[in-house]
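Starting from the structure of chain A, add chains B and C where the hints point.
Chain residues, written in single-letter form:
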Amino acid sequence: MSLLLSEIADRIGSKLTGRDCKITNVADITQATTGQLTFINHAKYLDALKQTSASAVILKPSWLEVCPVPALVTDNPRLLFARAAILLNPDNRDTSGISKLAVVAENADIHASVIIEDHAVIRSGCRLHENVYVGAGCVVEENVTIGNNTRIYANVTIQQNCYIGGDCIIHSGVIIGTDGFGFIRDGDAYLKIPQLGNVYISNNVEIGANTTIDRGALLDTIIHEGVKLDNQIQVAHNVEIGRHTIISACTCIAGSAKIGEYCLIGGGVGIRDNIEIGDNVVVTGRTFVSSSIKAQGTYSSSVLVDTTSSWKKNVMRFKHLDDMEKRIKKLEQKN
Amino acid sequence: MSLLLSEIADRIGSKLTGRDCKITNVADITQATTGQLTFINHAKYLDALKQTSASAVILKPSWLEVCPVPALVTDNPRLLFARAAILLNPDNRDTSGISKLAVVAENADIHASVIIEDHAVIRSGCRLHENVYVGAGCVVEENVTIGNNTRIYANVTIQQNCYIGGDCIIHSGVIIGTDGFGFIRDGDAYLKIPQLGNVYISNNVEIGANTTIDRGALLDTIIHEGVKLDNQIQVAHNVEIGRHTIISACTCIAGSAKIGEYCLIGGGVGIRDNIEIGDNVVVTGRTFVSSSIKAQGTYSSSVLVDTTSSWKKNVMRFKHLDDMEKRIKKLEQKN
Amino acid sequence: MSLLLSEIADRIGSKLTGRDCKITNVADITQATTGQLTFINHAKYLDALKQTSASAVILKPSWLEVCPVPALVTDNPRLLFARAAILLNPDNRDTSGISKLAVVAENADIHASVIIEDHAVIRSGCRLHENVYVGAGCVVEENVTIGNNTRIYANVTIQQNCYIGGDCIIHSGVIIGTDGFGFIRDGDAYLKIPQLGNVYISNNVEIGANTTIDRGALLDTIIHEGVKLDNQIQVAHNVEIGRHTIISACTCIAGSAKIGEYCLIGGGVGIRDNIEIGDNVVVTGRTFVSSSIKAQGTYSSSVLVDTTSSWKKNVMRFKHLDDMEKRIKKLEQKN
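Which chain is which? The protein sequence lines are A, B and C, in order.
So that you can map any letter, position 178 of the first sequence is 178 in our numbering, and since no number is skipped, the others follow by simple counting.
Every number in our numbering is 1000 more than the matching position in the second sequence, counting from 1.
Every number in our numbering is 2000 more than the matching position in the third sequence, counting from 1.
Simulated from the structure, these hints should not be mistaken for laboratory data.
Not one of these hints is a red herring.
Keeping only pairs whose Cα atoms sit at most 30 Å apart, straight-line, the calculated DSBU-like set for lysine-lysine is: (1) B/Lys1313 - C/Lys2329; (2) B/Lys1022 - B/Lys1050; (3) B/Lys1192 - C/Lys2258; (4) C/Lys2100 - A/Lys100; (5) B/Lys1192 - C/Lys2060; (6) B/Lys1313 - B/Lys1326; (7) A/Lys313 - B/Lys1319; (8) B/Lys1294 - A/Lys312; (9) B/Lys1313 - A/Lys312; (10) A/Lys22 - A/Lys50; (11) B/Lys1294 - C/Lys2044; (12) C/Lys2329 - B/Lys1312; (13) B/Lys1313 - A/Lys319; (14) C/Lys2192 - A/Lys44.
Note that the structure is predicted; figures quoted are calculated from it, not measured.
Chain A with its partners taken away, still in its complex shape (with noise of 0.2 Å):
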């Protein structure tokens, strides 16, 4: 693929500085050669810039009159630099149409664009709108519905009845709509409750590799708009999350729990049962959400790495801090 740079600009939002070229793709100002792009959106990189073979580059304007070459000029290179990513990278897988490997029940409903690869299961009553791609070995149990552009990888799960919108990528390994954990004491053994939900995932999610999302009880399990989900992240039943969240990589969800609109939630966060996180919300990696948060803001918890000889002496102290506590105010009342 080639693109003028100046088409580059046109279609990115930024304008050119200095000569017309040709544009192959991108690269990371410490690879970048000639016929690529690359940006910088830090002063560290000043040096490298000076140094760069790239043919282009993407940069403040203050950074404009130290650059070698013709630059794209913006007060936000990474995002510049992403959507020329997406120009110069289409999609261009060249497979098409039903491999004759995969299974396809008769009565799904299969827009004619859709390609599906060899030893996927589609099942009956299935309904895969237009340019749907769904990878090798992937199964699709009975009266799933996916959206129009749709990319469901290599190896992926889904179960029965889950709807999952338009624009969204599905990556290798997922597992939507197992049951939920749900049991009961009967007598001496745990009695299964069926899990009678659905999920539902709406336009334009995106779900890491090996992440798993339990169907709903009675109720669904809901998975808003533009919601990013990172690899290895568990959402349990029930469970809510709301527009243009994004949570990074090993998080564990646990059911019913609600999260709001536009959070930003970091990796290896627990999100304990049935509470509710608001609309804005960050969490720091490693949090333990053990409450509810309301209000907008910063939540942490987590501790710090220490020289394991420092942490041994200390960590023998928390067990005694409610003491600590009186004897200091054993001591202030004594003053």
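Frame of chain A, contents of chains B and C only:
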């Protein structure tokens, strides 16, 4: 499916108050409509109860007077609702037999009632007993035994020589019997210690999506009867989990840990290698079980969420707890 | 398989004390019987040693006098036992060649010795070198290279353009090369930043079940020689892991973190994005590596388990640590 309310009452162990009627399924109190049976478990739903469109409700005796529809009375509405939900939702997947697209080794011993879906692979020496279900894309390696009525959903992998009992449910993406993590330093590199044990899973065990259970090093990894494991749990080699213990999602159990019977282990818990947890122990979510727990009771170790600004000031003090204790002691000696 | 004990002694680098005999396999000290070789590594097993039914034992010189059977003497019984276990358990899966039910692109370059199991998919441009094994249901997308003797177990997914070295073991459910988690706010929504780097995995790397390794954003994610990753580890985009580093299960490594050589990272650890860990660093289980670690040594940050009643009193004080410090300071000033 449709049953008379009176018949449901008989079969779940309740008694009907009010007129008999036809019930087609269960539903949540907020959504239940004609033909549906719902339940309430808490007085906060009494307003919803008064306005319900359900055909019948399972509830406690004291709520009967405000119930506008026929009722099934019990002291444990959730349990009886679970029983009714099971009655009204029999497993009725309309498949049978072995898919022509499955691979079943000639010498595998497969009961006539077994269902094996498309692209599943069953290797030589496997024994699949009555009514076993194996979903699409599952791979069951050599000499695996699977007991009566066990259901293995799509895209599960079971390595060689593992044993799985009857009435189990194994959800999609589960990996059973991969090598435990054993290496020993040998000069400048690490040598792999062959993992020669197996995985033994007893009856009535449920295993959640993408959970991994390693085979033992020499002896077996053992999951006893009635254990319920949620999604994305890691069970390392030579772990043993006692009967009817329930473990929530994302819990990580290190090698040779031994967990007792009827324990309740929360989500995101870490259990150290080679420790022992007794029977009837409750561990709250996000706890690190850093040492053995012998006495029955409830255990914790998480830190609770705070605003980041407050947390920042406090977390820095954690590294000086020992120093703080000594300063208190010094003050006490002076006073 | 059967070897003479004297031959085993020669090949693992030990010397035989006692009569020679035939050995068919290794076993645990509590279960070893005739024909089996066992080992002890700790004096607590001396009673078991005295009563062993094993045909031979690997042990330290000082334990020789109470050993009732032939012995192989060494200062490192575990290492020599591992070597013997490898000798006696050669990989002897009785398959060969490419299954007729696998899909292999015409222009893929597959060495004659490669084994590809049922329903595996190998896309165009892939290069599989000598003795590579690809299990059932694996999907290997375009232009992936896999080195000599590497074994990829069932239901693994490898995305396009990734490189995997020789003598690697990739366990079931592993996902390599999915998109890193990169988004940038664009008006009211988030724009996906194309992930254009690859994953580079060197020789002799082992990767545990359901572990996920993302491709780099622009540069590559790199796993160096001899690295061992346990199950359910998350390796984000542009992470680099140094030679012979060992990482236990459920550890989550955020983007662009760089880990040195010969590190030992415990289970359930969180490693923050963009930080650096030096060589020979040990991180204990459940630690949050919240900042870079330069000096060799052992590091921790977990909180230890307590009864919930005691924990409740103490954990509430965590939010007042800074206040407690100030109260102590005030008392000190008065005294």
